[in-house]
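Just so you know, the first sequence maps onto residues 1 to 113 in this note's numbering.
Source of the hints: derived by calculation from the structure; they are not laboratory data. Accuracy of the hints is not assured; some may be wrong.
To be verified - The calculated label-pair distances, taken between Cβ atoms and stated as ranges, are: (1) ASP112 <-> VAL68: 15 to 23 Å; (2) ASN96 <-> GLY24: 25 to 33 Å; (3) GLY91 <-> GLY40: 18 to 26 Å; (4) PHE10 <-> ASN96: 27 to 35 Å; (5) PRO57 <-> ARG88: 15 to 23 Å.
From the three backbone atoms N, C-alpha and C, an ideal C-beta is built for every residue, glycine too.
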Amino acid sequence: MKNTFFANSFEQDVYNLVRAIPEGRVTSYGAIANALGAAGASRRVGWVLNKSFGAVPSVPAHRVVNRVGMLTGAGHFPPGREMAAQLRSEGVVIENNAVVDFETRFWNPMTDL
DNA sequence: CATCTGACCTAGT
DNA sequence: AACTAGGCCAGAT
1 MKNTFFANSF EQDVYNLVRA IPEGRVTSYG AIANALGAAG ASRRVGWVLN KSFGAVPSVP
61 AHRVVNRVGM LTGAGHFPPG REMAAQLRSE GVVIENNAVV DFETRFWNPM TDL
């Protein structure tokens with residue numbers, strides 16, 4: 001389905017979609033890109049999220065992981081806002097830099113949005 | 001201006 | 001089923 005937001009810019013779309021992720025849920029870069037109609041541009045999503053730290057309101061980028069559920073971007077998170085820490089605060093169990101029961105915690109933008 | 005790398009994903013072996 | 005290789009878009013060197 002098409003986003004109810006507006007496609008003013010790719011980064012804006014990514015921001016809105018990531019902000020729409022419910023607490024305690026996670027999604028993947030590919031799902032976001034696909035939901036935005038930019039299938040295959042999953043790398044771009046990651047790059048957009050990289051600069052999303054300075055954006056306001058804060059973008060819960062910690063809820064975005066790769067397809068396997070690994071916190072690949074944990075090392076790029078600023079100090080005090082580590083991925084695993086925030087996810088744990090939301091009730092998500094992290095084991096070895098990966099989300100436990102990722103498929104259960106997975107949130108599909110197109111389906112649930 | 002050409003090349004490489006990177007918060008990835010899909011497909012082939 | 002696990003591993004390797006290729007493809008994708010954008011920024012950095």
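*asked:* Assuming the hint says 27 to 35 Å, is it satisfied by the Cβ distance from PHE10 to ASN96 or not?
replied: Holds: the Cβ-Cβ distance is about 32 Å, inside 27 to 35 Å.
_GLY91 versus GLY40 beta-carbon gap, inside 18 to 26 Å or not_ = violated, 32 Å
*Cβ separation of ASP112 and VAL68, checked against the hinted range 15 to 23 Å*: holds, 21 Å
*Honestly, do PRO57 and ARG88 meet the 15 to 23 Å range at C-beta?*
With a Cβ separation near 21 Å, PRO57 and ARG88 satisfy 15 to 23 Å, so the hint holds.
*Whether the CB-CB distance between ASN96 and GLY24 falls inside 25 to 33 Å*: Once the Cβ atoms are compared, 20 Å apart, the range 25 to 33 Å for GLY24 and ASN96 is violated.
Checked against the numbered hints given earlier, the structure breaks hints 2 and 3 and satisfies all the rest.
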